[in-house]
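2 protein chains.
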Amino acid sequence: MQLSPAQAMELWHRVTVEALNQELPDLSARQIALLLHIYLAPPPHTVRGLSLDLNMSKPAVTRALDRLSALGYLKRQTDMADRRSILVKRTVAGAVFLRDFADLIKGQARRV
Amino acid sequence: MQLSPAQAMELWHRVTVEALNQELPDLSARQIALLLHIYLAPPPHTVRGLSLDLNMSKPAVTRALDRLSALGYLKRQTDMADRRSILVKRTVAGAVFLRDFADLIKGQARRV
DNA sequence: AGTCTTTGTTACGGTTACGTAATGACTTGG
DNA sequence: CCAAGTCATTACGTAACCGTAACAAAGACT
Chain B
-6 MQLSPAQAME LWHRVTVEAL NQELPDLSAR QIALLLHIYL APPPHTVRGL SLDLNMSKPA
54 VTRALDRLSA LGYLKRQTDM ADRRSILVKR TVAGAVFLRD FADLIKGQAR RV
Chain W
-6 MQLSPAQAME LWHRVTVEAL NQELPDLSAR QIALLLHIYL APPPHTVRGL SLDLNMSKPA
54 VTRALDRLSA LGYLKRQTDM ADRRSILVKR TVAGAVFLRD FADLIKGQAR RV
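Taken in order, these protein sequences are the chains called B and W.
Using the numbering used here, the letters of the first sequence correspond one by one to residues -6 to 105.
Using the numbering used here, the letters of the second sequence correspond one by one to residues -6 to 105.
The set of hints was computed from the structure by calculation and includes no laboratory data.
The reader is advised that the hints may include incorrect statements.
Ranges of calculated distance between the beta carbons of each label pair, as one might list FRET restraints [unchecked claim]:
#	chain 1	residue 1	chain 2	residue 2	range
1	W	Ser21	B	Asp93	48 to 56 Å
2	W	Arg103	B	Ala34	16 to 24 Å
3	W	Asp72	B	Thr55	45 to 53 Å
4	W	Arg83	B	Ser78	42 to 50 Å
5	B	Gln15	W	Lys51	16 to 24 Å
6	W	Asn14	B	Pro52	13 to 21 Å
7	B	Pro35	W	Ala88	33 to 41 Å
8	W	Val85	B	Met73	54 to 62 Å
9	W	Ser62	B	Ser21	18 to 26 Å
10	W	Pro52	B	Met(-6)	36 to 44 Å
11	W	Arg56	B	Gln15	41 to 49 Å
12	B	Asp19	W	Arg103	26 to 34 Å
13	B	Leu45	W	Thr71	46 to 54 Å
14	B	Leu45	W	Thr55	35 to 43 Å
So, partial list: chain W residues that the calculated Cβ filter (under 8 Å) puts toward chain B [unchecked claim]:
#	residue
15	Ser62
16	Leu80
17	Thr84
18	Ala95
Covered by chain W, per the in silico footprint, the following chain B stretches (three or more residues, Cβ under 8 Å) [said to hold, decoys possible]:
#	segment
19	3 to 15
20	45 to 55
Virtual Cβ for every residue (Gly too), placed ideally from N, Cα, C.
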C-alpha cells in the first residue's frame, strides 16, 4: 500500500475531523490503540501484555479497559488456567464500532 | 485511493500503536484534528471558524490553541482588520511535527 | 506450611480536559 | 457617541486521565 506524506496527512485530517463531527464517543489515543490492538493482534490479551505492547502503565490499561467495557466494546474474563490473569475478549458491540470506524476511514480514503 | 475496511483498521492500528511507542507528545483527538485542519484547510483560521468546522466549543478551541502553541506548533496573531479576531498561523516546528507524523503513517502504510 | 513472585486493581495527588456562563476588548449601526 | 452585537478568553465546577505506590489474590517454590 503506497501513500505519499501529503496523502497520509489529508487522510488523517479527513478522518479525525469527520470523527469529531459524528460525535463518536470520544476515546483517547490510548483507548483507540488498545481497542484496535485487541481486535487485530492475536490473542490472548492480558493486562500485563497490553501494558508492554502499548507502552503504557498497567493502571492505565485497567482504566482503559474500564472505559471500553463500560461502552460494551470488550469484556474481561478471568483466565481459568491462571486465575490471577484476565483475558480481554471481543464483543459484538466492539466489532460493530470498529467496523463503522473502518468504513469511515475507507470512505474518506476514497476522497483522497 | 482505495482501501478495504480491514486495511483501514490495520493501518490505524499500526499508526496509533507506533505513535504510543514513540512517546510523541500525546495530543487529544481534538488537538490533532485542530492541528491538521490548520495546516491543511485553506486559511484564514479564526477561533470561531475552527469551532464551527470542528464541532467543538470555542473555549475548547482556545485551550487546544494554548496547548499547541505551547508546543510551538502554531501561533496566534491578532487580525489587524478586525482586532477582535485572531488568526492562527503555522510555524516551522508544527510543519516538522506533521511531516514526521505523515512519514510515520506512510511507513506503516507500506507494511499493510 | 510459609515465603516470594506475579497479576490486576485501587488509592492518592496532580494535571488536563470539558461545557456553561461571565468577562473584556473591539466593532457596528442607529 | 453610545447601545447592541461579536469575538476570544477566563472563571468555575466537574469529569477523566496519568503515574507512583500500596494492595489483595493467586500461583510457585522450598
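Hint check results:
1. W/Ser21 <-> B/Asp93: 48 to 56 Å: 21 Å, violated
2. W/Arg103 <-> B/Ala34: 16 to 24 Å: 19 Å, holds
3. W/Asp72 <-> B/Thr55: 45 to 53 Å: 47 Å, holds
4. W/Arg83 <-> B/Ser78: 42 to 50 Å: Distance hint for W/Arg83, B/Ser78 holds at roughly 48 Å.
5. B/Gln15 <-> W/Lys51: 16 to 24 Å: At roughly 20 Å between Cβ atoms, W/Lys51 and B/Gln15 fall inside 16 to 24 Å, so the hint holds.
6. W/Asn14 <-> B/Pro52: 13 to 21 Å: 19 Å, holds
7. B/Pro35 <-> W/Ala88: 33 to 41 Å: 38 Å, holds
8. W/Val85 <-> B/Met73: 54 to 62 Å: The hint (54 to 62 Å, Cβ to Cβ) holds, given that W/Val85 and B/Met73 are roughly 56 Å apart.
9. W/Ser62 <-> B/Ser21: 18 to 26 Å: About 21 Å separates the Cβ atoms of W/Ser62 and B/Ser21, which means 18 to 26 Å holds.
10. W/Pro52 <-> B/Met(-6): 36 to 44 Å: Check passed, 39 Å falls within 36 to 44 Å.
11. W/Arg56 <-> B/Gln15: 41 to 49 Å: The hinted range 41 to 49 Å is violated for W/Arg56 and B/Gln15, with Cβ atoms some 22 Å apart.
12. B/Asp19 <-> W/Arg103: 26 to 34 Å: 30 Å, holds
13. B/Leu45 <-> W/Thr71: 46 to 54 Å: Hint holds: Cβ distance 48 Å, inside 46 to 54 Å.
14. B/Leu45 <-> W/Thr55: 35 to 43 Å: 38 Å, holds
15. Ser62: This hint is violated: W/Ser62 lies away from chain B, its Cβ roughly 19 Å from the closest one there, beyond 8 Å.
16. Leu80: 20 Å, violated
17. Thr84: Cβ of W/Thr84 sits 16 Å from chain B, so the hint is violated.
18. Ala95: W/Ala95 check passes; min Cβ-Cβ to chain B is 4 Å, inside 8 Å.
19. 3 to 15: With 9 residues close enough to chain W, the hint holds.
20. 45 to 55: Satisfied; 4 residues make the cut.
Hints 1, 11, 15, 16, 17 from the earlier list are contradicted by this structure; the remaining hints agree with it.
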